[in-house]
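Residue numbers for the sequence shown follow the UniProt record's numbering, beginning at 1 and rising by one.
It is worth saying that the hints were derived from the structure and are not from the lab.
Remember, predicted model here, so these are calculated numbers, not experimental data.
Treat the hints with caution; some may be incorrect.
Claimed, not checked - Simulated DEER-style distance windows between Cβ atoms: (1) THR19 / ILE57: 52 to 60 Å; (2) PHE43 / LEU66: 24 to 32 Å; (3) ILE47 / ARG3: 29 to 37 Å; (4) ALA34 / GLU56: 31 to 39 Å.
Positions of the beta carbon are idealized from the N, C-alpha and C atoms, including for glycine.
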Amino acid sequence: MTRLGITNSWGGCNITGGTTPNSSIWSYEGVAGAHIVFSGLCFLAAIWHWVYWDLEIFCDERKGKLSLDLPK
């Protein structure tokens, strides 16, 4: 994460050995927490797509077939 410019910690440490009295949310812990939250959201999106895979949005009601132009 240091390559991305994250150099501070919520504990007040700095990658250079100094101290930082006021860290922003984008510190080591903040970025790690954001990754955990976003991975959880991706997991919930995967569950939603798994459950609702058979939506009849792309079905032609007259023919009863898919109305998507997918490659064969």
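Hint check:
1. A hinted range of 52 to 60 Å for the beta carbons of THR19 and ILE57 is consistent with their spacing of about 56 Å.
2. At roughly 28 Å, the beta-carbon separation of PHE43 and LEU66 lies within the given 24 to 32 Å, and the hint holds.
3. The hinted window of 29 to 37 Å between ILE47 and ARG3 holds, with their beta carbons roughly 33 Å apart.
4. ALA34 and GLU56 have their C-beta atoms about 36 Å apart, which keeps the hinted 31 to 39 Å range intact.
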